[in-house]
Every structure is written in C-alpha cells, then in structure tokens.
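As a plain string of letters, each chain reads:
2 protein chains.
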Amino acid sequence: MSDQDLVIGANLPDYEFVRMVVDEAYRQGARSVSVLYTDDQTARSKFLYGSETAIDYAPSWLQEGLAPALQNGMAYLRLGGSDPSLLKDIDPGKVARSSKAAAVVGKPISEAIVGGATNWCIVPCVSPRWAKHVYPDLAEAEAVEKLWDVVFATTRADQPDPVAAWKQHVEQVKRNMDRLNSYGFQALRFQGPGTDLTVGLADGHVWCGVESFARNGAVCSPNIPTEEVFTMPHRNRVEGHVRSTKPLSLRGQVLDGIQVTFKDGAVTSVCAEQGEDVIKKLIETDEGARRLGEVALVPHSSPVSQTGLLFFDTLFDENAASHIALGRAYADTMCDYFEIPVDERSQRGANDSLIHVDWMIGSDEVDVDGIGPDNQAVPVMRKGEWAWSA
Amino acid sequence: MSDQDLVIGANLPDYEFVRMVVDEAYRQGARSVSVLYTDDQTARSKFLYGSETAIDYAPSWLQEGLAPALQNGMAYLRLGGSDPSLLKDIDPGKVARSSKAAAVVGKPISEAIVGGATNWCIVPCVSPRWAKHVYPDLAEAEAVEKLWDVVFATTRADQPDPVAAWKQHVEQVKRNMDRLNSYGFQALRFQGPGTDLTVGLADGHVWCGVESFARNGAVCSPNIPTEEVFTMPHRNRVEGHVRSTKPLSLRGQVLDGIQVTFKDGAVTSVCAEQGEDVIKKLIETDEGARRLGEVALVPHSSPVSQTGLLFFDTLFDENAASHIALGRAYADTMCDYFEIPVDERSQRGANDSLIHVDWMIGSDEVDVDGIGPDNQAVPVMRKGEWAWSA
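Protein sequence lines, in the order shown, are assigned to chains A and B. The opening position of the first sequence corresponds to residue 1 in this note's numbering, with each subsequent residue numbered one higher. The opening position of the second sequence corresponds to residue 1001 in this note's numbering, with each subsequent residue numbered one higher.
Keep in mind that a hint or two might mislead.
With the C-beta cut set under 8 angstroms, the calculated list includes, among others, these residues of chain A facing chain B [claimed, not checked]: (1) Ser32; (2) Asp39; (3) Tyr183; (4) Pro341.
Since the hints were made in silico from the structure, they are not lab data. Note that the coordinates shown come from a computational prediction; the quantities given were computed from them, not determined experimentally. All C-beta atoms in this analysis are idealised placements derived from N, C-alpha and C, irrespective of residue type, glycine included.
Take these sequences, add in the hints, and give me the full structure.
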C-alpha cells in the first residue's frame, strides 16, 4: 500500500535480489523499507563457539521494536531459501533449546503476522546452497539458474501477464474453498500407505487459501507460491496413524519417513527414518507442540508437485502435497476468532504453541474423505486429486 | 564482558569480517550476538525512487527496541568504512531532510551510547569503495590490501603484543589528559592560516580520551584508533574564525575548505570550497547544530597523521588533527553531568543537538594556547605538537 512501512527479512547472500526489491518498493510508494539480514554462517557460530548460556538464550530487543510496528500495520516480506541442512552436524538437543528460546521471544511477531494484523508474504529466493540441494548433480551456477526457472514457473511469474495468471489461480482455489466450507465437515479422513488418520475439525472452522484480509485493510497472498486450502483441526479430535510422504527440512536438518500416532488429538508415538531426534525434541517444545494447528489439502497435480522435485523447503514442498502442521493454529481459520474469549477458543479446538511445523502426508496414493454432520463420508480426494472437477 | 549481549552494526560488503567477529565474540563468552547490516546501495534507493513522504520519514521501530537494550547494558560495536561519496549525485537538501528524520528517531540510541550507558566501540573495516578513495591510483585489490595494512598499523594490531601496545598508548594519552585537567583552562585559542578561534570551555569541563567508564561497569575504548584528548566547549563562548585543514566526508559527500565565523558561541557565517550546500544545511538542523559540542587536541605526529593519507573517514581523519564538532556534547566531558539539572547543564555550557559532526582544524601550522583562570596564555601546542614532552 502507498505510504506503508515495509520490513524485509532476507538471507545475506541474497542481497542483490534484495536491492531490486527495495528499489521497487520505493517506486511503488513505500514510506520506508528496512532490511533485516540473517546469515546462515553466523547462525552456526553460536552452536560452534557459544556458551551453554548462549544456547538457551535469545535476545528480545529486536522483537520488542518489531512486533508493535507489525501490529500497527507495517508490511512484512520474507525472502526464503536458506541451506536446508545448515545444522546437520550440530546436536539436535542444542538446536531444540536454541529454537525454543527464539520461539519464545519471537511469539509477539508470530502473533502479529499469523494473527492477521498486517499484509505479509513469504516468497522464494534462490541461494546457491539451496539450489545444490535440489540439483546435487549440477554445477552451482547451473543449479541456481534452473531453480530460478522453477520458481518463476510455479509462481506464474513466467506467464505473459503474471498478475492476471495469479488472479485466475486465486479464483480457482477459492472455488475449492467455497465448496469445502459449504460441506461443513466435522472431520477429514486420510487413507493411504501407512496412513489412516481422522482429523476432527474445530467448531466454527473456516477453510482459507491464497488470500488473507489483514486488519490494516490490505489483501495479501501470504505465501507465493501457494496451492493449498487449509483449515483448523480440533486440538483434541485427531485419531489414528500417519506417515510422511516427503522429506522435511527442519532446524537445519532433513527429516524423512516420519510415522506418528495420535490419540485424543495428541501425538502418542513418533519415529522417523531420518531426523528422529529432531522431531522428538520438537514435540517436547510445549503442550501444543504435540497437537495439530493446521490441515491443508493440495492436489497432486499442483504445479509445484508436477515439477517432480524435492525442494527441501516447506514453502514449496507443502504446496506439492496435502499436509498437517503441529503447533499453533491460524486465527483466520476459525470464524470470529478475535471475538471469542481465549478459554473458549481452545474448547472449540484452537491449538496454541511456540511452534508451527508443516509436514507432508498427501500423495497420489492417498485418499481423503470428508465426514459430514450426518457422519456420512463424502469423497474429497482420490489418488491425491480433487474428487470433483473445479 | 562474559554473558553480555552484543549488537554489531556493519556494512553489507563486510560480512566475511563480521563472521570472524561473531565467532570471536561467542568464544569470549557473549550471551548473544546480533548483526544489523546497512547497505550503501539500498540507502541510495530512497533518494532515487522514494516519494517526498519517504524522504522526510524514518521508521522508529528498530530504535524503540534497540535503545532500551543499550540503556540496559548491551554492548555496541560499529564496523566503519562506507563509501565516502555515496550520495555525491543526490540533492543535498533531500539528504539533509532525510538525515534529520533519521537523527530524530536515532536520538535515543545516541543518548544511550554517548551518554555512557554501555561499552561501545567504532572500529574500521576496509571496504573496496573506501580503499579506492584513499588510493585512487591503485587497483581495487591492492588498495584494499594496503589500507588494511594501515589499519593494522594505526590501531597497533601489527605489534608483537597488540594489547600491551594499546595499554601503553592509553597511559601516554592519559598523561596529556591529566595535564590539561590540572591546568583548569577557561578557553583554548587556535591560531594558524585562516584561523584565530577562541573556544571557551564549559564550566566543570573534563578532559577525556582513549577510555570510557560505562554505567554497566565496563571500561572501553569507544574509538579504535584514537589519538585525541577532548573536552566540552561552552556553547555560548566561541569567538573568531576558523578554516578546516582536511577534507571531511559527510552525508555521502566530500567537503573541503570550510571557513566558519563564530560569535557568542554560534556560527554567524559559513562557506566552503566544496560541499558548501551540505554544511549550510547541516547547521540548519536545529539550534544546537550551529554551536560546538566538542573540542579535541591531536598532535600532528600521531600515527594516523604520519601516514600522510587522507582517509575521507572521520574515525581516521579526526585522529590526524585537532578538531571541533558542531552539535551534541558528550556527557562524560562535564563533571557529574547526570547529577546536574537539565536546565543548568546548558547554562554551564553543554550543547544539545540532533547532530555531532567533527571537522579538522589542526595542522603543523596551527598553534594552541590555553587561557588559564588568570587570563594568562599557556602554550599547549606549537606547530601542531604538544608544547611539553609527554
């Protein structure tokens, strides 16, 4: 919006791209553009050389300035694409302690952003290390080039009229949202290899997708690319077992083959072929970390999925497959969330946590049924595709 | 100090040096290390593409988080060395408007830092653009190499035991400080080509140098290198005319041949051979911008001066020559400053302003006398050297 403040979070190696974004933001009438750089290398430094005190500590001064500004409507743009296995050689226990400290001081930021105070967006930015993870057999420059092509294709930036193409995409996703909202399902049931999971939905849940309406008056697409429609699970009503269908980059490590059992909404057992320590530490973060805050449906034919690539980056991989998220729920996925007393939000099913971690459970071998108010099963997805024509 | 928080301000191209500093800070027991990068290129962007609203505006959210943390004793390290003529093609009027907006929101930071709340330090970091200004005839890589050598020499980092060499330097500067404090001068008189300036000193002024004692209990050298001893002029008692002896990099432009006349402490006329617009805008910032906040003595034989180089960087050039500063005075240059009621500080001579800009008025052609309590002139410097042996 014109005369709006903007803060950009970016990875240090992306500074050339950042400079272009800053120029364009001023051209579009930004009142101020601030850039906060993070550097993978200095992020490692604390684990390599820091004291035990340093591991358990995160300073809060930046968040104390930033959170009120976001609550007051400063726009937030995050350029993603860091090294997926940055901390693979670091003790996951230390990473968990550090992540928790960061999540505690970061909570006011999350509350402002996912709480819908302002327009925000996460967009990809190709870094050499990320590109080499996606294309390990290519030379770095070639990998970077190729991954940018994929970014432009999946975000529709390569279309003759990218904005028109995006609007068309928005309309298509909205049709699926509207259909799901009209069904009023009480639960979704996922069935596939290693998976039979019933995800009860929160009372008064709303299906969302593509666009958010922020309290500062802006309409925004919080993720680009985005293919998902998502809503709020009921924190106490998830039952069964589920197996991940894609690897997941989390806390600088790659996790794979995650298997989880839920009872009364909570994780009762978890194992993984790779990164088991990381996910076990993750669900110990707090009470809400072992319950779901999001369930999302993505057709297997999504452009991201059709690339056939593993991105090791949630922004992409979560848009290639249906997924669930452990942790905090999104306010806009419950009707009138901010008018509901805090105690009652939880009773209606809203989960709270320091974490929000998506992981992929959909594929072309997974079916999804919606369980209607009358307990009848309605086909929603078959072999990973919508059971209806859009 | 161990378990202390540290924030580093750095220019984007210096990230490799920053990484080394972050590693070392954690090794030395820092509880947290945060890095705030500034980028010369995006700093230009606002002037090239921003609206009129953007020019007059600076966001305050970062300072609102940072200032309380500094007041609470977080250490501050600034790595200097940006492009001296970054904004040479930009309208100085716009730069002045933008600088003023930044100074207003930055005031709580200045107050914390120069107010002595915490340990802080400005150190040089060689950037290619800076090096090319100092050595315009050398290839970039060679210029960078050579300027680093000068940095190491002038900071004593090239000595067999740099810490011992620094301590010896501290002792030597302290002897001059003690001597000046014992004289109890009421004024200093500078005489040389184009200069006959009497700088009245504040009532209760204290000569300082090399080390500061911060309220968080730390002892620090706020500038490295530093050769100066400095104190507080009386805001109403500066008389005469003065000519600059070195160019000055200010607001992205290089100023030279500055001539200023003072009456009753205030600038009554100013001209410059280069950058006259910039200095004229500067003294319009506020009432205190046309009065002095610092007077400093540096012998012409200082190691920085002996390099024979023009650095276009105040951290160096102010340590090659005696200088004065327009604007804000330093709290620690007035005895018991924080115990004195605010109104009375000004009566005793303390100046306040959004700016603090040093410029060089000493050389081997300039003599300095101290005017004692009995109105007798005492030789302090002759041809730019101390009138006594140290």
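Verification of the supplied hints:
Given hint, serine 32/A at the interface with chain B, holds; its Cβ is 4 angstroms from that chain's nearest Cβ, closer than 8 angstroms. For the restraint placing aspartate 39/A at the interface with chain B, the shortest Cβ-Cβ distance is roughly 7 angstroms, inside the 8 angstroms limit, so the hint holds. About 43 angstroms separates the beta-carbon of tyrosine 183/A from the nearest beta-carbon of chain B, more than 8 angstroms, and the hint is not met. Given the 8 angstroms rule on beta carbons, the hint for proline 341/A is violated: about 30 angstroms separates it from the nearest Cβ of chain B.
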